[in-house]
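Asker: Quick note, the sequences are listed as chains A and B, same order. Numbering of the first sequence is given in our numbering, commencing with residue 1 and proceeding in unit increments. Numbering of the second sequence is given in our numbering, commencing with residue 112 and proceeding in unit increments.
Don't read these hints as lab results, they were simulated from the structure. None of the hints are false.
Quick list of the computed label-pair ranges, beta carbon to beta carbon:
{"#": "1", "chain 1": "A", "residue 1": "Pro111", "chain 2": "B", "residue 2": "Asp174", "range": "44 to 54 angstroms"}
{"#": "2", "chain 1": "B", "residue 1": "Arg192", "chain 2": "A", "residue 2": "Ala78", "range": "43 to 53 angstroms"}
{"#": "3", "chain 1": "A", "residue 1": "Asn38", "chain 2": "B", "residue 2": "Thr224", "range": "16 to 26 angstroms"}
{"#": "4", "chain 1": "B", "residue 1": "Gly114", "chain 2": "A", "residue 2": "Thr64", "range": "22 to 32 angstroms"}
{"#": "5", "chain 1": "A", "residue 1": "Asn38", "chain 2": "B", "residue 2": "Thr189", "range": "26 to 36 angstroms"}
{"#": "6", "chain 1": "B", "residue 1": "Thr224", "chain 2": "A", "residue 2": "Ser68", "range": "40 to 50 angstroms"}
{"#": "7", "chain 1": "A", "residue 1": "Thr64", "chain 2": "B", "residue 2": "Tyr212", "range": "16 to 26 angstroms"}
Listing some non-contacts, in silico: residues in chain A with all C-beta distances to chain B over 12 angstroms:
{"#": "8", "residue": "Gln14"}
{"#": "9", "residue": "Glu15"}
{"#": "10", "residue": "Asn18"}
{"#": "11", "residue": "Lys26"}
{"#": "12", "residue": "Arg62"}
{"#": "13", "residue": "Ser73"}
{"#": "14", "residue": "Leu75"}
{"#": "15", "residue": "Gln108"}
Ideal Cβ positions, reconstructed from N, Cα and C, are used throughout, including at glycine.
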Amino acid sequence: SQQGEEDPQALSIQEGENATMNCSYKTSINNLQWYRQNSGRGLVHLILIRSNEREKHSGRLRVTLDTSKKSSSLLITASRAADTASYFCATDRVNTDKLIFGTGTRLQVFP
Amino acid sequence: GAGVSQSPSNKVTEKGKDVELRCDPISGHTALYWYRQRLGQGLEFLIYFQGNSAPDKSGLPSDRFSAERTGESVSTLTIQRTQQEDSAVYLCASRSGNSIYNEQFFGPGTRLTVL
Numbered sequence: 001s002q003q004g005e006e007d008p009q010a011l012s013i014q015e016g017e018n019a020t021m022n023c024s025y026k027t028s029i030n031n032l033q034w035y036r037q038n039s040g041r042g043l044v045h046l047i048l049i050r051s052n053e054r055e056k057h058s059g060r061l062r063v064t065l066d067t068s069k070k071s072s073s074l075l076i077t078a079s080r081a082a083d084t085a086s087y088f089c090a091t092d093r094v095n096t097d098k099l100i101f102g103t104g105t106r107l108q109v110f111p
Numbered sequence: 112g113a114g115v116s117q118s119p120s121n122k123v124t125e126k127g128k129d130v131e132l133r134c135d136p137i138s139g140h141t142a143l144y145w146y147r148q149r150l151g152q153g154l155e156f157l158i159y160f161q162g163n164s165a166p167d168k169s170g171l172p173s174d175r176f177s178a179e180r181t182g183e184s185v186s187t188l189t190i191q192r193t194q195q196e197d198s199a200v201y202l203c204a205s206r207s208g209n210s211i212y213n214e215q216f217f218g219p220g221t222r223l224t225v226l
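In isolation and in its complexed conformation, chain A is listed as follows (with noise of 0.2 angstroms):
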């Protein structure tokens, strides 16, 4: 079963509104990444934040890490219709080497 679970699972807003979306985990964690996915096919990695961060800026993009109570979340500002993709969290877990991936959130952002 997947770790992460992302919540909404599907979000639609217009242009120019900002996207939140969380995910949240049930274990430790040496990292949490976000993932965008077009149209079913590969990844493509947005940013990383290492457990002893609390918040991550990349552009229009923001990110929080909250770890007592397992949770991140990821801030879209200033929507665009090319924004429009499925967001995934993943993490990876303390002694593993492998990143867990949760369900996704798609996003629908209208012009």
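Once you have looked at the hints, place chain B on chain A.
Answerer: Chain B alone, transformed into the frame defined by chain A:
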């Protein structure tokens, strides 16, 4: 080279046949992963290779699934006696070195359809 490549991009097979899926990682990447993604679902870890270490096969769903990797290059995922529930996109990813902070680079996937 460019990125991770996979072949074929699409494969349609009949139930009971064997299939082989290929992954060419980024040159120099020692870590290679296989994932399965069923329609509308997240990625399911299958197997992980790191250099010359014994592979982590803990995600393989049954003994019909196997994978090989020659050194630090090409990997093949073999599914024997395919079943309809094997229909999915199979994704390969590679990563540089053994740092847990290095990102994984994904291939475009192989869409397998078992009739």
